[in-house]
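Undergrad: Listed here are the chains, written in short residue letters.
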Amino acid sequence: MAVLNVNGKSLQANADPRTPLLWVLRDTLGLTGTKYGCGIAQCGACTVHIDGVATRSCQVPLSAVASGKKIVTIEGLAQDGKLNRIQQAWLDNDVPQCGYCQSGMIMAATALLAAKPNPTDADIDAAMTNICRCGTYQQVREAIHAAAKA
Amino acid sequence: MTIQTPVGRRGFLATAVAGGFSLGFSFPWTSAEAAEVQELNAWVVIHPDDKVVIRIARSEMGQGTLTGLAQLVAEELGCDWSKVTTEYPTPGENVRRHRVWKNFSTGGSRGIRESNQYVREGGAIAREMLIAAAAAEWKVPAAECKAADSKVTHSSGKSATYGQLAAAAAKLEPPKEVTLKDPKDWKIAGKPLKRLDTLPKLTGQMVYGIDVRLPGMLIAAVHACPVHGGKLKSFDGAKVEKMPGVKKVLSIDSNAVVVVADTYWNARTALEKLPVQWDIGKAGEIQQDQITAMLKEGLDASEAFVGNKAGDAKAAIDGAARKVEAVYAFPWQSHANMEPMNATALYTPDKCEVWCGTQNGEAALAAAAEAAELPVGKCDVYKQMLGTGFGRRGRADYVRQAVLVAKQMPGTPVKLIWSREEDMTHDTYHPTTMCKLTGGLDKDGKLVGLHVRISGQSILAGLAPQNLQKGMDPATFQGFAAGGAEAAYGYNVPNLLIDHAMRNPHLTPGFWRGVNTNQNAVYMECFMDELAEAAGQDPLAFRLKMLKPKYAAVLEATAEKAGYGKPLPAGHFHGIAQIMGYGSYVAGVAEVSVSSDGVLKIHKITAGTDPGHIVNPAQVERQIAGSFVYGLSAALYGEITLKDGAVEQTNFDSYNVMRMDEMPRVEATLVPSGGFWGGVGEPTIAVAAPAVLNAIHKATGKRVRILPLMNNDLKKGA
Ligand code: FES
Ligand code: FES
Numbered sequence: 036m037a038v039l040n041v042n043g044k045s046l047q048a049n050a051d052p053r054t055p056l057l058w059v060l061r062d063t064l065g066l067t068g069t070k071y072g073c074g075i076a077q078c079g080a081c082t083v084h085i086d087g088v089a090t091r092s093c094q095v096p097l098s099a100v101a102s103g104k105k106i107v108t109i110e111g112l113a114q115d116g117k118l119n120r121i122q123q124a125w126l127d128n129d130v131p132q133c134g135y136c137q138s139g140m141i142m143a144a145t146a147l148l149a150a151k152p153n154p155t156d157a158d159i160d161a162a163m164t165n166i167c168r169c170g171t172y173q174q175v176r177e178a179i180h181a182a183a184k185a
Numbered sequence: 017m018t019i020q021t022p023v024g025r026r027g028f029l030a031t032a033v034a035g036g037f038s039l040g041f042s043f044p045w046t047s048a049e050a051a052e053v054q055e056l057n058a059w060v061v062i063h064p065d066d067k068v069v070i071r072i073a074r075s076e077m078g079q080g081t082l083t084g085l086a087q088l089v090a091e092e093l094g095c096d097w098s099k100v101t102t103e104y105p106t107p108g109e110n111v112r113r114h115r116v117w118k119n120f121s122t123g124g125s126r127g128i129r130e131s132n133q134y135v136r137e138g139g140a141i142a143r144e145m146l147i148a149a150a151a152a153e154w155k156v157p158a159a160e161c162k163a164a165d166s167k168v169t170h171s172s173g174k175s176a177t178y179g180q181l182a183a184a185a186a187k188l189e190p191p192k193e194v195t196l197k198d199p200k201d202w203k204i205a206g207k208p209l210k211r212l213d214t215l216p217k218l219t220g221q222m223v224y225g226i227d228v229r230l231p232g233m234l235i236a237a238v239h240a241c242p243v244h245g246g247k248l249k250s251f252d253g254a255k256v257e258k259m260p261g262v263k264k265v266l267s268i269d270s271n272a273v274v275v276v277a278d279t280y281w282n283a284r285t286a287l288e289k290l291p292v293q294w295d296i297g298k299a300g301e302i303q304q305d306q307i308t309a310m311l312k313e314g315l316d317a318s319e320a321f322v323g324n325k326a327g328d329a330k331a332a333i334d335g336a337a338r339k340v341e342a343v344y345a346f347p348w349q350s351h352a353n354m355e356p357m358n359a360t361a362l363y364t365p366d367k368c369e370v371w372c373g374t375q376n377g378e379a380a381l382a383a384a385a386e387a388a389e390l391p392v393g394k395c396d397v398y399k400q401m402l403g404t405g406f407g408r409r410g411r412a413d414y415v416r417q418a419v420l421v422a423k424q425m426p427g428t429p430v431k432l433i434w435s436r437e438e439d440m441t442h443d444t445y446h447p448t449t450m451c452k453l454t455g456g457l458d459k460d461g462k463l464v465g466l467h468v469r470i471s472g473q474s475i476l477a478g479l480a481p482q483n484l485q486k487g488m489d490p491a492t493f494q495g496f497a498a499g500g501a502e503a504a505y506g507y508n509v510p511n512l513l514i515d516h517a518m519r520n521p522h523l524t525p526g527f528w529r530g531v532n533t534n535q536n537a538v539y540m541e542c543f544m545d546e547l548a549e550a551a552g553q554d555p556l557a558f559r560l561k562m563l564k565p566k567y568a569a570v571l572e573a574t575a576e577k578a579g580y581g582k583p584l585p586a587g588h589f590h591g592i593a594q595i596m597g598y599g600s601y602v603a604g605v606a607e608v609s610v611s612s613d614g615v616l617k618i619h620k621i622t623a624g625t626d627p628g629h630i631v632n633p634a635q636v637e638r639q640i641a642g643s644f645v646y647g648l649s650a651a652l653y654g655e656i657t658l659k660d661g662a663v664e665q666t667n668f669d670s671y672n673v674m675r676m677d678e679m680p681r682v683e684a685t686l687v688p689s690g691g692f693w694g695g696v697g698e699p700t701i702a703v704a705a706p707a708v709l710n711a712i713h714k715a716t717g718k719r720v721r722i723l724p725l726m727n728n729d730l731k732k733g734a
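Protein chains in written order, with our numbering: chain A, 36 to 185; chain B, 17 to 734.
Where hints are given, some of them may not hold.
Unchecked claim - Once the Cα atoms are required to be at most 27 Å apart in a straight line, the calculated DSS-like pairs of lysine-lysine come out as:
| id | chain 1 | residue 1 | chain 2 | residue 2 |
| --- | --- | --- | --- | --- |
| 1 | A | Lys-184 | B | Lys-210 |
| 2 | B | Lys-167 | B | Lys-187 |
| 3 | B | Lys-67 | A | Lys-117 |
| 4 | B | Lys-617 | A | Lys-151 |
| 5 | B | Lys-566 | B | Lys-620 |
| 6 | B | Lys-620 | A | Lys-184 |
| 7 | B | Lys-462 | B | Lys-325 |
| 8 | B | Lys-99 | B | Lys-174 |
Claimed, not checked - Some chain A residues judged to face chain B by a derived CB distance under 8 Å, without partners named:
| id | residue |
| --- | --- |
| 9 | Ala-50 |
| 10 | Thr-63 |
| 11 | Gly-72 |
| 12 | Ile-75 |
| 13 | Gln-77 |
| 14 | Cys-78 |
| 15 | Ile-109 |
| 16 | Leu-118 |
| 17 | Gln-122 |
| 18 | Cys-133 |
| 19 | Ile-141 |
| 20 | Thr-164 |
| 21 | Gly-170 |
| 22 | Tyr-172 |
| 23 | Val-175 |
I should point out that these hints are in silico values taken from the structure, not numbers from a laboratory.
All C-beta atoms in this analysis are idealised placements derived from N, C-alpha and C, irrespective of residue type, glycine included.
All chains should be built: construct the whole structure from the sequences, respecting the hints.
TA: What follows is the structure, encoded as structure tokens:
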């Protein structure tokens, strides 16, 4: 039994220590906002923050985060029912199409803006390597710039 | 956005789903508020607090049909847009109510163009009933009352809200005839409104098929024979049965093995260790070069299905002053949906229920009933949000699998999830074809004869052979048809022959966003540039001499918006393309540069579309940009190949797709000319690749004829 710090709460996770965090979140803890897209660090749909760093959770075994590392998932971004400014910019710019990739996009963008409050297009290209099969890249870029100004 | 909930089981799923996302409401006839919530007709439900629920039969998968269809109903209903929510009727309910919601199938860019008339009538009928109820209550003529903003108002100033009127309105006979609003008077439809379903996609609360959670649910991982058509010989379940979390190891349809466990990871881990023997047969010897040879042979075969014919193309080409010939090829593509295929099923001997994302709820229901061996009336499908569809989720093979597994564990809900690897190797693939184009120019550079020979795979032959027409697959000729409102060829060529030598490899073909317009636009529009070059003419001017009016109008508007013919930054070049698909006329102008070491940069694509009417311009623009990402991913990287009969690509590392850094700026020019309804989700996809390829030729002098681009060296001198 591992104890995880997820979205500020301490949660018990009864799973094999080799289980990727992605599946612990989804199946064991019921936090299904973090998505499965590839399982091999290619798509970014599973992005969460681990101690503030955007991380592809399909690549992180449970054993690596059971030591009190702070995990934040898409479900933990809004505080007291208020969207964070990236989520708000996504809403204002009507970014998602199907939305499946957007948890990962928002987690990556939130980490980017925390590190670089005023990212250039090149910064965005470098940080946002998530796949969106709907093709929302143009709206994602605009929303990141909008959030930076907010 | 509400999530489909099973009739009578609202609380059950709502508490079962993580995150506490409000699941909205179930149907009024099953809900506690049944007495107060009024169904005015199949499309419109009104709550006492004026909340309007608009029922949507088509599936939302990112394309915005849910919002667009709601706009059309709301427009006619005359309701306050801020009070609108939506819900999906279930396919089972549709059967019980004699298909009152008509077609659920969501493909072919049909959502709005096919159902606009009857959903608008649904809204208008409800509006007239509300007016009639108010008029009766006030004892005034209905003609003196107006409906707008969720209120009926009488010329005297009296007014009542829809919520107040709904109960009386629901008791009235619906009018037999209604007049629909003139699109030029639209206030809700035609406007760039925000989507209705965005918020839960930003907070992790949206429930996709893969997110469904039911009490006592188990999770299944599946592996079907790696070669399509192959069979399962044997497997040794005992070897993995004791692994952590494993509940059952089984086979389905004698072609797939399944491990059911407490979590997906445990199921998948055990499945990977499961010893399996396949009976692959002859298909296991097929290699990619045999497919290429098979298609090449068809290019010159004497027999072919004729899709479009005028005059005598062969004679005209033979007698032409100049002959131009080229061979193009388009490989298989995987849908690579963002959310891999999955479905959740709960089977008991007298009931079968399925929760899944599907583009065709009715097909999913039929597949569930067949797999469960139960009458359709004892089955239902609860549609969840789709993490993209692209045509793949119109097929219900994954639903069948989930039900077959659940049937072996009666009473236990089972969620079956395909791994990305399973998804990519058991797709229904964009068909592969080759094309030989032969054109004859007269001494003035006029195209006097054109023969387009397509050789390759037919989707209908693979998926629905009963729909072939005397063996011919008319869908092969998308964009090439002799006429009709769907996919007609746009050029006036006096002597024309477009024919298809059907060659069907064993790999299952499928409908893939844009379908056959993708390669047909590459073939025709790149070859048009080759002909223009041979004729010594500008590609735009050359096309405009032959294009029919609506085609020409869109191409010209797009070229003008892009500044075609005006000076570009040094090293930048324009390429153009046009086609008609899904009832819409579309064109694209790509601006690219290619560095001396062969690195392509697509700077911008200007896209034009004339879909007749536009219901939401903001969503149309997003569909255009999004379709380009999908189409260009295929043009740049997409290639599914075979080795020993099996698909070689397994994940995004071997099947690359476009990311943010390669995304061109997309500018849309929307030129709806009215009078018809064309599609939006797909048509533009087809022009991105040929426009880019034509621009690459301008930049490098190289003709890329064999896709994907990554296999071509664009380096100077290479
Ligand atoms: S699922 Fe982790 S990167 Fe794709
Ligand atoms: S919004 Fe659908 S995959 Fe990105």
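Undergrad: All hints are to be evaluated individually against the structure, with a verdict given for each.
TA: Evaluation of the provided hints:
1. For the hint pairing Lys-184(A) with Lys-210(B), the CA-to-CA distance comes to about 21 Å; that is within 27 Å, so the pair holds.
2. Distance hint between Lys-167(B) and Lys-187(B) is fulfilled; the C-alpha atoms sit about 18 Å from each other, no more than 27 Å.
3. Restraint check: the Cα-Cα separation between Lys-67(B) and Lys-117(A) comes to about 24 Å, which is no more than 27 Å; the hinted pair holds.
4. Of the supplied pair hints, the one linking Lys-617(B) and Lys-151(A) holds, its CA atoms being roughly 26 Å apart against a limit of 27 Å.
5. Between Lys-566(B) and Lys-620(B), the direct Cα distance comes to roughly 24 Å. Compliance with the 27 Å bound is thereby established for this hinted pair.
6. The suggested pairing of Lys-620(B) with Lys-184(A) holds, with an alpha-carbon distance near 25 Å, which does not exceed 27 Å.
7. For the hint linking Lys-462(B) to Lys-325(B), the alpha-carbon distance of about 18 Å falls within 27 Å, and the restraint holds.
8. Taking the CA atoms of Lys-99(B) and Lys-174(B), the gap is near 22 Å; set against the 27 Å cutoff, the hint holds.
9. Below 8 Å, beta-carbon pairs count as interface contacts, and Ala-50(A) has one with chain B at about 7 Å; its hint therefore holds.
10. Interface hint at Thr-63(A): satisfied, since its Cβ lies 7 Å from the closest Cβ of chain B, which is below the 8 Å cut-off.
11. Given hint, Gly-72(A) at the interface with chain B, holds; its Cβ is 6 Å from that chain's nearest Cβ, closer than 8 Å.
12. The closest approach between the C-beta of Ile-75(A) and any C-beta of chain B is roughly 6 Å, which is under the 8 Å cut-off, so the hint is satisfied.
13. Contact between Gln-77(A) and chain B, as hinted, is supported at the beta carbon level, the nearest pair being about 4 Å apart and thus within 8 Å.
14. Below 8 Å, beta-carbon pairs count as interface contacts, and Cys-78(A) has one with chain B at about 6 Å; its hint therefore holds.
15. For Ile-109(A), the shortest C-beta to C-beta distance to chain B is roughly 4 Å, which falls under 8 Å, so the interface hint holds.
16. Contact between Leu-118(A) and chain B, as hinted, is supported at the beta carbon level, the nearest pair being about 7 Å apart and thus within 8 Å.
17. Against a cut-off of 8 Å between C-beta atoms, the interface hint on Gln-122(A) holds, since the closest Cβ of chain B lies about 5 Å away.
18. Evaluation of the Cys-133(A) hint against chain B yields a held restraint, the C-beta minimum of about 3 Å falling below 8 Å.
19. The interface hint given for Ile-141(A) holds, since its Cβ lies 6 Å from the closest Cβ of chain B, which is under the 8 Å cut-off.
20. For Thr-164(A), the shortest C-beta to C-beta distance to chain B is roughly 6 Å, which falls under 8 Å, so the interface hint holds.
21. Because the beta carbon of Gly-170(A) sits about 3 Å from the nearest beta carbon in chain B, less than 8 Å, this interface hint is met.
22. Evaluation of the Tyr-172(A) hint against chain B yields a held restraint, the C-beta minimum of about 4 Å falling below 8 Å.
23. Contact between Val-175(A) and chain B, as hinted, is supported at the beta carbon level, the nearest pair being about 7 Å apart and thus within 8 Å.
No hint from the list above goes unmet by this structure.
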